[in-house]
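Asker: Sequence:
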Amino acid sequence: MKKQYFALFLDDEYYIESCIALIRFINNTNSKTYPHITVRFIYDAISGNEMLQNAEISYLNIISVGMFDNKDTYTVFIQCESEELEELEYKSDYPFSRLHITLYEGKDNNYAYRLLEILEKIHFGFKLSFNPLKKLSQNTVGSKIKNQEFKFKVKEFAEKIGLSLDDIETANSILKLKMIQRVVHCLNDYIYKYRVELANSNYDDQITFLPANLNECVPYSIRSDEYDFRRKEYSHKKYELITPPEYAKKMAELACQYSNVDEIRFGDPSVGTGNLYFALLRLLKGNKQELRLKSAIGIEESRNMAKEAAVKYGKRGLSVINSDALLLDYGKLEKRNIIIANPPYMSYKFFKTDYLKVIRDFIKLNQNISVMSTSDIYVYHLLMLDNWLENDGIAVWLLPSSFLQTNYATSVRRYLIERVRLLNMFINNESFMQFENAKISTTIVVFKKDKPNKLSTVDIVKNNGDGEIEKFKITIGKLTENISDWRSVFNMKSKIIYKSSSSIKFKDIFNIKRGLATGANSFFVLNRRQAEAYGIPDIALKPILPKARYLDGDIIFSDSNGNPILDKELVVIDCDLPEEKIKAIYPQFYHYLQTAKISTNNIPIINRTLVKSR
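Here the sequence shown is numbered in this note's numbering, starting from 273 and rising by one per residue.
Derived from the structure by calculation, the hints contain no laboratory data. Check each hint, because a few of them may be wrong.
Cβ pair distances, simulated, as ranges [said to hold, decoys possible]:
hint, residue 1, residue 2, range
1, 711, 479, 55 to 61 Å
2, 476, 377, 24 to 30 Å
3, 807, 423, 43 to 49 Å
4, 476, 878, 48 to 54 Å
5, 828, 878, 17 to 23 Å
The C-beta atom is built at its ideal place from N, Cα and C for all residues, glycine as well.
Modelling step: build the complete structure from the supplied sequences, incorporating the hints.
Answerer: The following block contains the structure:
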């Protein structure tokens with residue numbers, strides 16, 4: 273699976289962009305590309321590709337200059353802002369990363385600090401408008417991208433402002449800094465002369481968030497000096513997954529779709545750096561409906577995350593509480609009519625038993641729902657946060673799809689059918705990646721805090737991958753009957769059973785088995801033309817039928833060999849010849865089989881659980 277990166281390149285011949293490109297080139301004469309902002313790294317299999325490919329960027333605010341000091345490496349950069357880019361930006365391993373253009377990266381700390389001092393003299397706080405609109409560039413990670421005209425264009429611009437780059441490769445640091453001073457002087461003259469549009473930063477690094485007073489907020493008598501009793505050590509990156517932009521957008525859309533209020537009081541009990549709040553802001557900004565945001569509260573346990581969310585969105589209406597969402601007394605917080613949340617997915621093993629027992633007891637007292645001691649922490653979050661949602665309020669949760677069938681998540685399933693009105697579930701295919709740094713399949717769950725109705729129906733959307741979306745409805749009564757395993761209900765829904773008056777049954781004619789499960793359908797299942805192109809012989813193939821919804825009629829005819837006659841003939845690889853024989857007789861087929869041993873996202877096909885077990 274290839275990993276791509278999407279970036280905004282400043283590659284137009286506008287004066288300001290040319291100045292930035294020239295400064296970057298002087299610092300690094302080996303550079304072969306224009307200055308750029310890396311927006312996202314993403315795998316081919318993740319749904320956000322389309323969102324990135326279709327994005328159009330109309331502006332970029334140039335805010336300030338800064339430096340990363342990583343002890344061995346010094347990076348001088350320009351901090352930028354653009355809500356259009358911010359909506360797309362996602363760096364799961366670096367949640368505190370902000371939009372920036374790197375101008376220098378090296379080990380010379382003296383040069384880096386002197387460069388920073390010169391660049392600080394730029395009259396920052398101006399806006400670059402793009403006409404025509406810019407698109408993001410998509411490239412494969414590891415590929416060498418270069419622009420053949422880059423060096424020529426940079427040297428041509430340098431000559432226009434009175435600089436010669438003929439000897440730049442051998443120039444010392446003093447000469448380079450003098451040249452950059454000249455570029456900065458010309459840039460400031462241009463900004464003043466042409467009255468470049470000014471822009472203020474949306475960020476506020478001086479803003480404060482609200483640390484909760486635990487002695488007042490906790491539902492039970494837990495003293496603040498006992499606050500650390502909650503959990504053992506764990507890796508933040510592994511278990512608290514930042515919501516990808518495409519899911520944040522989808523969740524915000526669902527919240528607004530089902531809500532019937534005019535003024536939104538938004539809440540997020542695990543706000544992180546604010547992705548879900550910002551997705552709602554962007555949606556409301558472009559929404560023609562008369563929806564407006566009255567107030568917004570985000571709760572975040574991590575002090576660093578809470579601070580970043582406050583810095584990024586405090587000026588845009590978000591109040592941040594630095595606290596554990598499971599310990600707050602929601603009787604002392606204003607109720608929310610929309611809650612959008614992506615809770616932490618950690619195992620109960622990372623928490624101390626006394627802490628979890630306190631929360632379980634509180635949930636039992638308030639919801640009359642028993643929570644198993646082996647429940648993952650998202651179960652506690654969903655049930656506890658019922659106390660913050662007002663009556664008739666809408667909640668949208670991003671949950672691991674395991675909740676559909678695991679025994680410990682029975683309490684969640686009971687809550688969704690017995691305590692609230694379940695409205696919608698958006699279920700992602702298990703093989704479809706949702707996070708770039710974790711293999712977790714997710715389901716978006718939407719419900720209204722209202723009395724449940726067993727006759728009501730739930731909208732189910734299944735994202736099967738490859739652009740295939742399946743939609744249907746299911747009754748609450750059906751979910752109640754199958755409380756132990758909802759996944760099986762959703763998988764069975766397309767199997768329409770007809771009752772016949774005839775005494776002949778399907779089992780009298782057919783040998784009926786469950787659908788084909790290979791463990792890697794994209795590898796084992798091919799259309800016949802693909803199989804021929806790969807040199808796979810007929811003896812290694814068996815014809816199979818596509819899913820029922822892709823069949824045009826009730827009757828399937830066969831050719832003289834018994835193969836189904838369809839517009840798209842599918843086959844599955846089924847061969848018991850030893851590899852040595854395949855290599856000798858069918859070398860092309862052998863070469864195709866070897867690709868199953870190549871690592872794809874760290875797990876070769878041959879090492880997948882189902883493939884190994886069969």
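Asker: Run the structure past the numbered hints and jot down the numbers of the failing ones, going up.
Answerer: 1, 5
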